[in-house]
Amino acid sequence: MGTRIEKEGGNEMRRAKGSVLLVVAGMMFLAWGASSQKASAAEPAKKKVGVIIWGTEDGLGSSVKRMLEYAGSALNIEVQFKTGDYDTEAQVKAAENFVAAGVDGILCVPLIDSGIPKIYKVAEQAKIPYVQAFRRIDDKKNAAQLLAAPYFLGYTVENEELAGYDLLKILAKAGGTKVGAVYNSPGSSFADRRKSGIEKGFVSGVAKKVSEFTLPLSPTSEAWVESTNNFINTFKELNGIIMTSGSVGGAEGAIATIVKNKAVGRVKMVTFDQPANSNEAFEKGILVGLATGIYTDSLFSFVVLANKLQGNPLSPKAITISANYIYVTNIQEAADYAKYVDNPATYPYTKEEIQKMTKFYNPSFTADDLQKIASKWTMSDVLARAKK
Amino acid sequence: MKSLILLGKKVLLAVAIPALLFIAVRLLFPSRINLSLLLVLLMQAIPPAILAWGVCFEIKVSLWDFSVGAITLVSGIVGAGVAEMLHLGIWGIVALCTLSGLLIGLSTGVIFSLLKIPSIIVSIGIMLILESVSGLIFKGQGVIVSSDIFKLASFPLNLVIGFVAFALAYYIYNYRRLGFHVRAVGNGITVARLNGINVDNVRILCFTVTGMFAGVFSFMQLAGSAVMKAQNNMTTMGVVVDAIICACIALSLEGVANLIVGVFIGSVTIQILKIGILVSGFPSMYQQVVVAIFLLIFMGLSSRSDLIHSAWARLRSPTAGRA
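If you read the protein sequences in the order shown, they are chains W and V. Sequential numbering from 1 applies to the first sequence in this note's numbering. Sequential numbering from 1 applies to the second sequence in this note's numbering.
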C-alpha cells in the first residue's frame, strides 16, 4: 500500500516537475521570440548596393571605397564596386550588370554629364533607386527631368565655385596677391566652376590676376612645370599661383619648379588635390592652401540611398546635398588632416554616427539634418569631434 | 672658304626662325622678355626635344606612333619603381627608365612587324594596354621618388643629359647603319627594299630607338615633379603631339640643318611661341591652335620654297619675268 501511495506521490511529483519544465520552456520560448523580434528590429534588412566609380586605387577612390564599405557594415548593406568605366556606354553597361546581379540600388559617379539619363534609365527600368555622388547635372533640361524622376534620389556635389573663391582668399591672405592662374582646359564641369569662383575673386579684388595658363586637354606634369617656370621667369611681380587641378603630378611639379627657380618665400601656391609633397611644401612656405577631403561626399549620397532602401526615404523628392572641401592652410593642419581625415585607420564618422543618419535608427532624422552634417565637415569640426 | 660661307648661311637660315620669333616677342613685350629668359627657354626646350629625337626616327620612316606617351608613363613607373625598391638611387632610375622604354619600344616594333597592320592602329592598341598596365602595377599608385631626382632637371645636369641624348641621336642618325637605312626608307620604301634593306627590321629598330628616348624623357619628367601617376582613357596620347611638331619643323629645316639639330630648333621655337602667347595675354586655351597654325604656315612655306624663290627673283629683277 505504502508503496502505491509512494508511487502516486512520485507520479504527482513528476507531473509537477513536468509542468514546471513546460512553463519554463514556454517562458524561454517567449523570451527567445521576443529577443529575436528585438534583433530584427535592431538591424535593417540586408540590402545590396552597386557603386559605379572611376577607380578605387587612387587616393580619393580608395578612401571612398573604404568609407562606403564601413558605412555598409553599419547599415547592413553589401557594397559592390565597378571601376574603370570612363564613358557613358561603359557606365550604362556597368549599371546593367549590377541590375543583373540583383542590386537593390545604384550609386554612380557619372563621368559624362549628357550620359546621366541613360544610366538612370537602367535603374528606372529595373525599378531600383539611383543616386549620384561628386556630380550634379549640368544640362538644365536633363536636370529638370531627372530631379522629378521617380527613382532618382538626388546627388551630392561640392560647391566648386565657393572653393575656388576661398582658395584665392587664402592665397591673398598669405601674401599671394599678384597671381598666375593655371586652369584646366574648358569642358570639365568641376574645373570650370572652380575657375568661375577664382575669376569672381579676381573681379571682386581679392587678388590681381597677372597671367593665366590653360592646360592642354590631357596634360602631363610637364605642363604645370612649364607654366610655373614661365610665370616665375616672365612676371617678376608675381607672388602667387592658383590652380584648378594638380592631378597627374602637376601640383608636385609646380612646387618643385618654385624650388628650382629659388622662388621659395616669394611665390606662394594654393591648389585643389593633395600633392604628395604637401607637408614639405607647407613647411617651406610654398604651399599655403589646399582644398581637399571630399571623400565624405559619397557617404551622404549613400545615406540617402540607404534610407530609401530601408523604406524610410528622407524626402519624397530628389535631394541635393552641398558638400564641403576641407581647407588645409598650414603644416599643423596638414598633420591634423593626415591624422584624422586621410588616415586609413580612422573613419570620418563612427558606425553609430552613420546609423544616426538613417530614420531606421533615428526616426526624426531629415534631409536638412544630413545637409547640416555635410556643411559641418570642416577641419575644426573634425578636430572637435576627434577630441571628444 | 666657299664651304664655310655656305655653312654660315645654313646656320643663319636654321636659327633664323627662333631668332626672329624671339626678337619679335622681345620688341613687343620688352618689359617681360629679356635675354636671361632665353636661357630658361633653351633649358625648357630640352625635355620635349629628347622625346622628339626619338619620334623623328619613326616619322622619317612614315610610322605613326601614339603609344609614345604611354611608353613614357610605364617606363617611368616601372623604371623608377624598381629602382626605388632596389635602392638604386637616381642613376638607377636613369638606367632602368631608359631600359624599360627601350624594351617596350622593341616589343611594340616586334608586334607591329608580326601583325602587319598600320602603325597607327598598333600604337593605339599598345597605348591602351600600357595605360591599363600603369593602373595595375604597384597597385595603380604610380610612383613617388625622392626629391633628389630634381637635380636631373636642374642646371647643369639637365644640360648634360640633353647633350648626351643629342649626341646619341646625332650619332645613330648620321654615323650608324640604322641612320642610313632610316634615311633610305624615308626616301622610298621600294627603292630601299631593292637595295637590300630589311625595312621591317629598320622599323622595329625605329620603334626601339623611340622607346629608348621615351624612357629618357620619362626620367626627365619625373625629375620635374618626382611623381608619376597612373593614367587611362587615352590621356597619354597628347604627349607625342609636341614631339611631332618639333619633328615636323625639323623635317622642314632639313635642307639647311641636320634633322637632329632641327628638332632642337623646333623645340626652342615652340617654347618661344608659348611664352609669346603667355605674355601677350592671348587666351592660352588656344595655344595649341596657334602652334598648329604656325606649323601649317611654316611647313607650307618650306614645301613651296620654289614659289618664294621665284617671287624673290622677280622682285630683285623686275625685267626678268618679262624677258
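A couple of the hints might just be wrong.
[To be verified] According to the in silico footprint, chain W covers these stretches of chain V (three or more CB under 8 Å from chain W):
{"#": "1", "segment": "100-111"}
{"#": "2", "segment": "148-160"}
{"#": "3", "segment": "225-235"}
[What the hints assert, rightly or not] Here are some, though not all, of the chain V residues that point toward chain W, as calculated from beta-carbon distances under 10 Å:
{"#": "4", "residue": "Thr72"}
{"#": "5", "residue": "Gln287"}
{"#": "6", "residue": "Gln288"}
[Unchecked claim] Pairwise CB distance ranges, derived in the manner of DEER restraints:
{"#": "7", "chain 1": "W", "residue 1": "Asn312", "chain 2": "V", "residue 2": "Leu115", "range": "53 to 61 Å"}
{"#": "8", "chain 1": "W", "residue 1": "Ser380", "chain 2": "V", "residue 2": "Ser146", "range": "30 to 38 Å"}
{"#": "9", "chain 1": "V", "residue 1": "Asn233", "chain 2": "W", "residue 2": "Lys317", "range": "29 to 37 Å"}
{"#": "10", "chain 1": "W", "residue 1": "Ala386", "chain 2": "V", "residue 2": "Gln141", "range": "20 to 28 Å"}
{"#": "11", "chain 1": "W", "residue 1": "Asp138", "chain 2": "V", "residue 2": "Trp64", "range": "29 to 37 Å"}
{"#": "12", "chain 1": "V", "residue 1": "Asn233", "chain 2": "W", "residue 2": "Ser73", "range": "56 to 64 Å"}
Worth flagging that the hints you see were computed from the coordinates, not collected in a lab. Quick reminder that beta carbons are idealized off the backbone N, C-alpha and C, glycines included.
Verification of the hints:
Residues of the segment 100-111 of chain V lying with their CB closer than 8 Å to a CB of chain W number 0, which falls below the three-residue condition for coverage. Residues of the segment 148-160 of chain V lying with their CB closer than 8 Å to a CB of chain W number 3, which satisfies the three-residue condition for coverage. Using a Cβ-Cβ cut-off of 8 Å, 11 residues of the segment 225-235 of chain V lie near chain W, which meets the minimum of three, so the contact claim holds. Contact between Thr72(V) and chain W, as hinted, is supported at the beta carbon level, the nearest pair being about 8 Å apart and thus within 10 Å.
The beta carbon of Gln287(V) comes within 7 Å of a beta carbon in chain W, closer than 10 Å, and the hint placing it at the interface holds. For Gln288(V), the shortest C-beta to C-beta distance to chain W is roughly 6 Å, which falls under 10 Å, so the interface hint holds. Range check, Asn312(W) to Leu115(V): Cβ separation about 58 Å, and the 53 to 61 Å hint holds. Checked against the hint of 30 to 38 Å, the pair Ser380(W) and Ser146(V) passes, with Cβ atoms roughly 34 Å apart.
For the hinted restraint 29 to 37 Å between Asn233(V) and Lys317(W), the CB-CB distance of approximately 34 Å keeps it satisfied. The hint said 20 to 28 Å for the Cβ distance between Ala386(W) and Gln141(V), and at roughly 27 Å that hint holds. With their beta carbons about 35 Å apart, Asp138(W) and Trp64(V) fall inside the hinted range of 29 to 37 Å. For the pair Asn233(V) and Ser73(W), the supplied restraint of 56 to 64 Å is violated, since their beta-carbon distance comes to about 32 Å.
Hint compliance for this structure: hints 1 and 12 are not met, and every other hint is.
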